[in-house]
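Keeping their order, the protein sequence lines are chains X and D.
For the first sequence, the numbering used here gives the first residue as 1, with consecutive numbering after it.
For the second sequence, the numbering used here gives the first residue as 1, with consecutive numbering after it.
It should be emphasised that the hints constitute simulated quantities derived from the structure, not laboratory data.
Nothing here was measured: the structure is a model prediction, and the numbers come from that model.
Note that beta-carbon positions come from the ideal geometry of N, C-alpha and C, so glycine has one too.
Keep in mind that a hint or two might mislead.
[Unchecked claim] Incomplete in silico selection of chain X near chain D, CB under 8 Å:
| no. | residue |
| --- | --- |
| 1 | Tyr158 |
| 2 | His163 |
| 3 | Gln171 |
| 4 | Ile173 |
| 5 | Ile208 |
| 6 | Leu211 |
| 7 | Ala212 |
| 8 | Gln246 |
| 9 | Leu273 |
| 10 | Thr298 |
| 11 | Ile302 |
| 12 | Asp306 |
| 13 | Leu307 |
[Unchecked claim] Calculated pairs, BS3-like style, for lysine-lysine (alpha carbon to alpha carbon, straight line, at most 30 Å):
| no. | chain 1 | residue 1 | chain 2 | residue 2 |
| --- | --- | --- | --- | --- |
| 14 | D | Lys121 | D | Lys226 |
| 15 | X | Lys82 | D | Lys219 |
| 16 | X | Lys139 | X | Lys57 |
| 17 | D | Lys341 | X | Lys82 |
Residues per chain, in single letters:
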Amino acid sequence: MHRVARFARAQPTSAFVHRSFATHTSNETGTFTADGKQVVTMIPGDGIGPEISRSVKQIFEADKVPIVWEDVNVTPVLKNGKTAIPDDALHSINRNKVALKGPLETPIGKGHVSLNLTLRRTFDLFANVRPCKSIIGYKTPFDNVDTVLIRENTEGEYSGIEHTVVDGVVQSIKLITEEASRRVSEYAFEYARSIGRKNVTIVHKANIQKLADGLFLATAMDVAKNYPDITVQDALLDRVCLQIVQDPTDFSDTVMVMPNLYGDILSDLGAGLIGGLGLTPSGNIGRKASIFESVHGTAPDIAGKDLANPTALLLSSVMMLRHMKLEAHADRIQKAVLKTIADGQHRTGDLGGKATNTAFTQAVIKNL
Amino acid sequence: MNRAVSRQIPAASRSFATATQIPGAANLNGNVYAGRHTVTLIPGDGVGMEMAGSVKAIFKAAHVPVEFETFDLSSYNPATDANKLKEAMDSIKRNKVALKGILHTPVNRLGHISLNVGMRKELDIYASLSLIRNMDGKWATRQQNVDIAMIRENTEGEYSGLEHTPVPGVVESLKVVTREKTERIARFAFDFALKNGRKKVTCIHKANIMKLGDGLFLKVCRDIAKEYESSGIKFEDMIVDNASMQLVSRPSQFDVIVCGNLYGNILSNIGAALIGGPGIVPGANIGKNYAVFEPGCRHVGKAIQGSNTANPTALLLSSIHMLRSLELDDHASRISNALHKVLAEGRVLTPDLEGKSSTTDFTLEVIANL
Numbered sequence: 001m002h003r004v005a006r007f008a009r010a011q012p013t014s015a016f017v018h019r020s021f022a023t024h025t026s027n028e029t030g031t032f033t034a035d036g037k038q039v040v041t042m043i044p045g046d047g048i049g050p051e052i053s054r055s056v057k058q059i060f061e062a063d064k065v066p067i068v069w070e071d072v073n074v075t076p077v078l079k080n081g082k083t084a085i086p087d088d089a090l091h092s093i094n095r096n097k098v099a100l101k102g103p104l105e106t107p108i109g110k111g112h113v114s115l116n117l118t119l120r121r122t123f124d125l126f127a128n129v130r131p132c133k134s135i136i137g138y139k140t141p142f143d144n145v146d147t148v149l150i151r152e153n154t155e156g157e158y159s160g161i162e163h164t165v166v167d168g169v170v171q172s173i174k175l176i177t178e179e180a181s182r183r184v185s186e187y188a189f190e191y192a193r194s195i196g197r198k199n200v201t202i203v204h205k206a207n208i209q210k211l212a213d214g215l216f217l218a219t220a221m222d223v224a225k226n227y228p229d230i231t232v233q234d235a236l237l238d239r240v241c242l243q244i245v246q247d248p249t250d251f252s253d254t255v256m257v258m259p260n261l262y263g264d265i266l267s268d269l270g271a272g273l274i275g276g277l278g279l280t281p282s283g284n285i286g287r288k289a290s291i292f293e294s295v296h297g298t299a300p301d302i303a304g305k306d307l308a309n310p311t312a313l314l315l316s317s318v319m320m321l322r323h324m325k326l327e328a329h330a331d332r333i334q335k336a337v338l339k340t341i342a343d344g345q346h347r348t349g350d351l352g353g354k355a356t357n358t359a360f361t362q363a364v365i366k367n368l
Numbered sequence: 001m002n003r004a005v006s007r008q009i010p011a012a013s014r015s016f017a018t019a020t021q022i023p024g025a026a027n028l029n030g031n032v033y034a035g036r037h038t039v040t041l042i043p044g045d046g047v048g049m050e051m052a053g054s055v056k057a058i059f060k061a062a063h064v065p066v067e068f069e070t071f072d073l074s075s076y077n078p079a080t081d082a083n084k085l086k087e088a089m090d091s092i093k094r095n096k097v098a099l100k101g102i103l104h105t106p107v108n109r110l111g112h113i114s115l116n117v118g119m120r121k122e123l124d125i126y127a128s129l130s131l132i133r134n135m136d137g138k139w140a141t142r143q144q145n146v147d148i149a150m151i152r153e154n155t156e157g158e159y160s161g162l163e164h165t166p167v168p169g170v171v172e173s174l175k176v177v178t179r180e181k182t183e184r185i186a187r188f189a190f191d192f193a194l195k196n197g198r199k200k201v202t203c204i205h206k207a208n209i210m211k212l213g214d215g216l217f218l219k220v221c222r223d224i225a226k227e228y229e230s231s232g233i234k235f236e237d238m239i240v241d242n243a244s245m246q247l248v249s250r251p252s253q254f255d256v257i258v259c260g261n262l263y264g265n266i267l268s269n270i271g272a273a274l275i276g277g278p279g280i281v282p283g284a285n286i287g288k289n290y291a292v293f294e295p296g297c298r299h300v301g302k303a304i305q306g307s308n309t310a311n312p313t314a315l316l317l318s319s320i321h322m323l324r325s326l327e328l329d330d331h332a333s334r335i336s337n338a339l340h341k342v343l344a345e346g347r348v349l350t351p352d353l354e355g356k357s358s359t360t361d362f363t364l365e366v367i368a369n370l
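Next comes chain X alone, as it looks inside the complex (with noise of 0.2 Å):
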């Protein structure tokens, strides 16, 4: 098969074009189609998902972004008797290397292991990605907060190395290694040089953990060493949880990097200073590919009712054009959302509004 080199975006119907026999041609960075556009696979997902998910694409068509969807299902199927994501999402997947993902419905019962770390696991999502910047339209007792975190995502407390010492008596073991610590750091310095934010904080409690976080945060300081033009600095975890309440502002111009724990703590914490998770994007980055996500949940009570607020996973988007270099679109469509709920007149249900998903969707296109 002919392999379809990888052109300027500018040009999407370049004369480089080739004919193919397939569509879709990939390589190490994604698939495209034959007129350059990137092939992206979406996970709309339970409850709201699907209305949401619509409302991206909705919107991401107005602005003619040079994207096509390839839709996947992720709910478990049971292979040998395992819990394991069905093949074709997989392979979707493994072969765009990106990926955005609406709330999943967690499955109970037994042989069921988590989906996210499922998904986790399967494409070494190494890094958590959580910005965290007021609305303006939606007021909380919190201004002008604008957090970028980096949450290491594979080990630390979340390890699952468990077990009975004996009868009354369990260890957790709270796994940190200088690979995983290295991978993150490196990938926050090179997220703050993106973003043009000058400092980089290392979050830890080296002082009770003096091996482990002693570890990361050594990792963390010599990555630094390599990336001369941005500062760092560390602080106790304790110290930011006061600070970043007390005052939020003063992580404004910095990117904080920590262990999987601290980081799913104080990225929540984030969203509740903003709001809640109905407006926080995610994005989860891995050697094998890149799932952007909303991290709020079915809503199952207002699902198929047009009510949902697409917000999270809109902004998710964002974050998800801006990894694949898509950055005027971006930009555009960030716009329109941020300026759609400061309006006012277009906000749905959880914003105090009485808008539809739909009415809402209309209004951003139309503030494109």
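Fit chain D to the supplied structure of chain X, relying on the hints for placement.
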């Protein structure tokens, strides 16, 4: 600096008359001669000296029958202070009651382990209580109607200090959870709720991920909750990341919180930030045989050391709780009334509460109001 809007109406605060009852704190059979109690005092690092000085001055002015055995332990000189540490520990074991500031813990791997943690483990003062609530006062706070008793297990969990490097570049850190210690802390939480008319105990955990460790913690708390069911105290549980989010957006939903060591650390810091900072959060560490009172939100305050700007309220409130545990209620109430009056008036406040006064000024103002 971005500060929240000032409150217009003072928040509802617990009346001075109903003092907090701490389970087990009284009847410690400490060191008393002719009505004078002997108490160990460890000022600690950072602003510790200044705050301790303030407490001593106020105690003197209020004629509090307490003698302090003071130990100037400093975490910055651990080698030379090894002897002092032993003396201090022996003193606490004799007196049963201590008042303490925070000792610094170095991040350096070759530095010593936390003296604070070491002390808590040796004395087995397993229950850490931090009281986080809006007080009458004019400083800006992010949230209103906050009145949370944070009860945190003090001796195990993530602070076990058990780590090793199996191969270079790979470290395992052990978090230990035991049924015995979890039962203890759960009982303390429910007893606290019972004694103080609290309505709900919330267990904070991450049992969905740490199924065995936090799973055990949650299960034991649930079991203990059943024993207190008839007294009407509700029990609920919440996952720690959700709890952090809820704490900043709707803190009024929390009443008594019981949790492990690390989560308690995180949540008490978040809570302190909501109501005005670590300068006004009192705390106590209670064990079977000893009680050590120290500020509830544990920061050394190195940056403002020596500048006479530290807020002694946290240590002072902790010392008031100590006086109540020594059954010196009259003195406790006198100092408490004076302190709350100064805070509410708002004329003389330290910088952390948006005031311009020094530690000394604040101390003198409290004394003037006795």
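Checked hints:
1. Tyr158: holds (5 Å)
2. His163: holds (7 Å)
3. Gln171: holds (5 Å)
4. Ile173: Since chain D brings a Cβ to about 5 Å from Ile173 (chain X), closer than 8 Å, the hint holds.
5. Ile208: Holds, because the Cβ-Cβ distance from Ile208 (chain X) to chain D comes to roughly 6 Å (cut-off 8 Å).
6. Leu211: holds (4 Å)
7. Ala212: Constraint on Ala212 (chain X) satisfied, holds at 4 Å.
8. Gln246: holds (4 Å)
9. Leu273: For Leu273 (chain X), the interface hint holds, since the closest Cβ of chain D sits about 6 Å away, which is under 8 Å.
10. Thr298: At 16 Å from the nearest chain D Cβ, Thr298 (chain X) fails the 8 Å test, so the hint is violated.
11. Ile302: violated (20 Å)
12. Asp306: With a closest approach of 26 Å, the Asp306 (chain X) hint is violated.
13. Leu307: violated (21 Å)
14. D:Lys121 <-> D:Lys226: Satisfied, since the Cα-Cα distance of roughly 29 Å is no more than 30 Å.
15. X:Lys82 <-> D:Lys219: Cα-Cα ~28 Å, so holds.
16. X:Lys139 <-> X:Lys57: holds (28 Å)
17. D:Lys341 <-> X:Lys82: Violated: Lys341 (chain D) and Lys82 (chain X) sit about 65 Å apart, past 30 Å.
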